[in-house]
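Colleague: Chains as they are written, first to last, in the working numbering: chain A, 1 to 255; chain B, 256 to 510; chain C, 511 to 765; chain D, 766 to 1020.
Because the hints were derived from the structure by calculation, they are not lab data. Treat the hints loosely; a few may be bogus.
One-sided and incomplete, this derived list gives chain B residues near chain A with beta-carbon spacing under 10 Å [to be verified]:
(1) Ser269
(2) Lys273
(3) Leu275
(4) Val276
(5) Ile279
(6) Thr318
(7) Asp320
(8) Trp339
(9) Ile341
(10) Ser350
(11) Ile369
(12) Lys457
(13) Cys473
(14) Val474
(15) Thr488
(16) Val507
Chain D is nowhere near these chain C residues, computed Cβ spacing over 12 Å in every case [claimed, not checked]:
(17) Gly516
(18) His523
(19) Lys528
(20) Asn536
(21) Ala538
(22) Thr585
(23) Leu597
(24) Glu642
(25) Phe659
(26) Leu661
(27) Gly668
(28) Glu683
We put the CB at the ideal spot given by N, CA and C, even for glycine.
There are 4 protein chains.
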Amino acid sequence: MGIERGQYVLLYHSESAKYLVSFIPNKALHTHLGIVELREDLEFGDVIKSSKGKLFYVLRPSTSDISMKVRRTTTIIYPKDAGWMILEAGVGAGSKVIEVGTGSGALTIILAKIVGPNGKVYSFERRPEFLENAKQNVEKAGLAEIVHFELRDPAVDGFGVKDADAIFVDVPEPWTLAQAAHDALAGGAAWVSLSPQIEQVKSTFEALRGAGFVRLKCVEILEREMLVRDVGTRPKERMVSHTGYLVSARKVKNA
Amino acid sequence: MGIERGQYVLLYHSESAKYLVSFIPNKALHTHLGIVELREDLEFGDVIKSSKGKLFYVLRPSTSDISMKVRRTTTIIYPKDAGWMILEAGVGAGSKVIEVGTGSGALTIILAKIVGPNGKVYSFERRPEFLENAKQNVEKAGLAEIVHFELRDPAVDGFGVKDADAIFVDVPEPWTLAQAAHDALAGGAAWVSLSPQIEQVKSTFEALRGAGFVRLKCVEILEREMLVRDVGTRPKERMVSHTGYLVSARKVKNA
Amino acid sequence: MGIERGQYVLLYHSESAKYLVSFIPNKALHTHLGIVELREDLEFGDVIKSSKGKLFYVLRPSTSDISMKVRRTTTIIYPKDAGWMILEAGVGAGSKVIEVGTGSGALTIILAKIVGPNGKVYSFERRPEFLENAKQNVEKAGLAEIVHFELRDPAVDGFGVKDADAIFVDVPEPWTLAQAAHDALAGGAAWVSLSPQIEQVKSTFEALRGAGFVRLKCVEILEREMLVRDVGTRPKERMVSHTGYLVSARKVKNA
Amino acid sequence: MGIERGQYVLLYHSESAKYLVSFIPNKALHTHLGIVELREDLEFGDVIKSSKGKLFYVLRPSTSDISMKVRRTTTIIYPKDAGWMILEAGVGAGSKVIEVGTGSGALTIILAKIVGPNGKVYSFERRPEFLENAKQNVEKAGLAEIVHFELRDPAVDGFGVKDADAIFVDVPEPWTLAQAAHDALAGGAAWVSLSPQIEQVKSTFEALRGAGFVRLKCVEILEREMLVRDVGTRPKERMVSHTGYLVSARKVKNA
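If we strip away everything but chain A, and leave its shape as in the complex, we get:
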């Protein structure tokens, strides 16, 4: 089972030497560990050698790999947070979801992979240069058909979408979107947002309550790596301590 032209491949030597590339048969990849040739009969799972004799594994990139490797114009949502958001929002294959703002498209890719061709991601961004970069990232990931991008400020113009299954919010002022989100969501459906600062969370809670949301919740997700080695087992010495506070809520009808 060969790899298709343009498909994402993760060439993996180690966590500090891994390359996410779009497959082009017979292309040569130049790395600091030597040249790696992508033969046309390359298959996932192959173990190949660079010109310097270093081993590379031909892996299917995980959703985390792709989302963490996009070209970034902004900070991005981490997989540890996105995973929680998806299950909290109840999103799955076929869901119709809203995302705002698009940013670098890391979460867009994650959402598109989850909802699939029978679902839809409506992704909103105010800054044209961000939107352009995100579009390219999503296209490279082969998910362009699932995503509808829109250059728009929904705090002003609304989302123009009805009965969405969930809305994912990653903007500096989420509270400005509470009313528009309430209009766009299906009854009982979920808002999930991420904010780095606790003051943002407080303002968001207040706006959500005012707009007709209930079951407000705020959590942090911490990921801690364990090193499991022959010399001994222990947590890694340093970790990301904070990405953001996650907020979720459910729309109910206003009286």
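The hints should help you fit chains B, C and D onto chain A, whose structure is shown.
Modeller: Structure of chains B, C and D alone, referenced to chain A:
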């Protein structure tokens, strides 16, 4: 947009008074906060009153709600862990995944919702009484057609599946399944497993290395709730400190 | 080396069956694991049997044991937090420290044990019934001579102390004490306080800056227990997620 | 109240520009923020300017400041861990404690400050070059008289101390010291040790049980900094995830 007969509804008063029910028009639900009538024209997002005058919200259950509320014969995988596993495994709409063991079906439901009708979950369990309970849980969630259940011990008999996109392992001795998993996975695809104890992780790492897996990783995911209230903002006083260590790895071809 | 009359002894069977008692020779202690007789020749380190044949260990109580076992009228400061506060404040044998409020005296005991007979703890409390209980707790711990208790509201009347080496603050409104603390501390000396809520921390930071404090810092200390057993090693399933935010600062002279 | 010659002073501009110096009147300190003159009438709490006009605060160093700033030949114990160990061991003014190994003397300094001139720290180290460096660090901190250093391997030769109030162990193989520690401790007194790896903890538990210790406990202490700023409040983005597992136990008499 009415609710279909049999569809899951979350009747929510508070975190300590919430009810996941299969919708049956005109059924009355007896709770300690009074009787709640499920009128036939009930819609998601409605706010209704119990016979004791308590407010209930008619919410769409999140994937987390459903998976945490299944009838349990075993400990279950928490959404915080499942979310990480899904993104790490690269699973999405249309994926073909293996799960072992089925347990109470909590992860089965999460996976089925993610892969959808164009995907497939092959779920293996050795204990008939567990499998029976899990089947009922999955059926109630409306996901039965996506899941193929099998009463089998894959450590002995293999999985009988080829080219799976990922395998999710939640059994006490994951290391016994490394070889069978290698046979069943597509090249470069992912193993993810969860084990409560560090000795299990060490044995799993050893078996995975021996069977032809690379890029072994072990993490813990911690979820910490923040209380955002008028009286002040702070983390909740108690939390779940440990569910399990998560292990991931990728299959490469053996020389 | 016998145990003195009145000295604290920890009779330890397990974490859920341990007794902190003032030693009275030949006294009998009634427990749900049987009667334990405190023979007059009892020594620390002895292993004794109750009337029901259960083993008890005669241990020296740690500072943590004593502070966690005082008769409580209030929430108390945990050892994990107190340990950080002591090292951050630079307190040791011979230090002269202020504490406010006294509460149940748990921190008073910890501080008295650290500063010793050549040091002094000035402990302030506004509520007479709390002060009375705390005095008894400190006396039972054999540390009464080190502590000077005072029923007073220092926010109104000041501390009446000069050149203190550090001040430990555990009151609901720490910010009301910033000016009085600045008057009472030696130059360059430390303020440390604990507050459950982030809004309290923000008000405290503001007041400290205004009163002439620098090097403001805020941390949380988390204690996570590991279970190391023959059946396997893992973190305990539940933990205390939050006691309070710790704040430290240093006094500088006002221009 | 002037500063004595040789006394430690913390010249503090910010966390990334702070200097722990032994006070020598009229000495000039060269920093990348300009020259700071230590006038003979300098007092703690003074605010002074460097030759480049930068503000420096003249602070009393905390125990944490001194222990983290010693000249290092080894990794050192962090204050977050040392604070827990001190309260768990029940150490205070006047205590007689053993430390092994001395390492860079960071914990030696912390312990000496706590036990004071009426107490004693017996500090053991096998490597002469480490001991020499630690001695200098302790002397600079003005605590030399409280510490008795010894170049010795207690696993082979024992501690030569009796009835110690506690033993603090920071060596790669703590389990080799269980028997010698049991001999050196008073009845019911505490062992506390720190080990980075879980395998070390398991071996230590086994040796402690074998040597006559009870009430074995293992914890981790995590310190997480909060940034409290006008632009918003949040945890710092990165943190130290792991220093070591802390083990405590109590000596009982062998049957």
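Colleague: Each hint needs a verdict: does it hold in this structure or not?
Modeller: Against the structure, the hints:
no.: 1; hint: Ser269; in the structure: holds, 9 Å
no.: 2; hint: Lys273; in the structure: holds, 9 Å
no.: 3; hint: Leu275; in the structure: violated, 12 Å
no.: 4; hint: Val276; in the structure: violated, 13 Å
no.: 5; hint: Ile279; in the structure: violated, 18 Å
no.: 6; hint: Thr318; in the structure: holds, 4 Å
no.: 7; hint: Asp320; in the structure: holds, 8 Å
no.: 8; hint: Trp339; in the structure: holds, 5 Å
no.: 9; hint: Ile341; in the structure: holds, 6 Å
no.: 10; hint: Ser350; in the structure: holds, 9 Å
no.: 11; hint: Ile369; in the structure: holds, 5 Å
no.: 12; hint: Lys457; in the structure: holds, 6 Å
no.: 13; hint: Cys473; in the structure: holds, 4 Å
no.: 14; hint: Val474; in the structure: holds, 5 Å
no.: 15; hint: Thr488; in the structure: holds, 6 Å
no.: 16; hint: Val507; in the structure: holds, 5 Å
no.: 17; hint: Gly516; in the structure: holds, 17 Å
no.: 18; hint: His523; in the structure: violated, 10 Å
no.: 19; hint: Lys528; in the structure: violated, 9 Å
no.: 20; hint: Asn536; in the structure: holds, 19 Å
no.: 21; hint: Ala538; in the structure: holds, 20 Å
no.: 22; hint: Thr585; in the structure: holds, 18 Å
no.: 23; hint: Leu597; in the structure: violated, 4 Å
no.: 24; hint: Glu642; in the structure: holds, 25 Å
no.: 25; hint: Phe659; in the structure: holds, 19 Å
no.: 26; hint: Leu661; in the structure: holds, 26 Å
no.: 27; hint: Gly668; in the structure: holds, 18 Å
no.: 28; hint: Glu683; in the structure: holds, 17 Å
In terms of the numbered hints stated before, the structure departs from hints 3, 4, 5, 18, 19 and 23, listed from lowest to highest.
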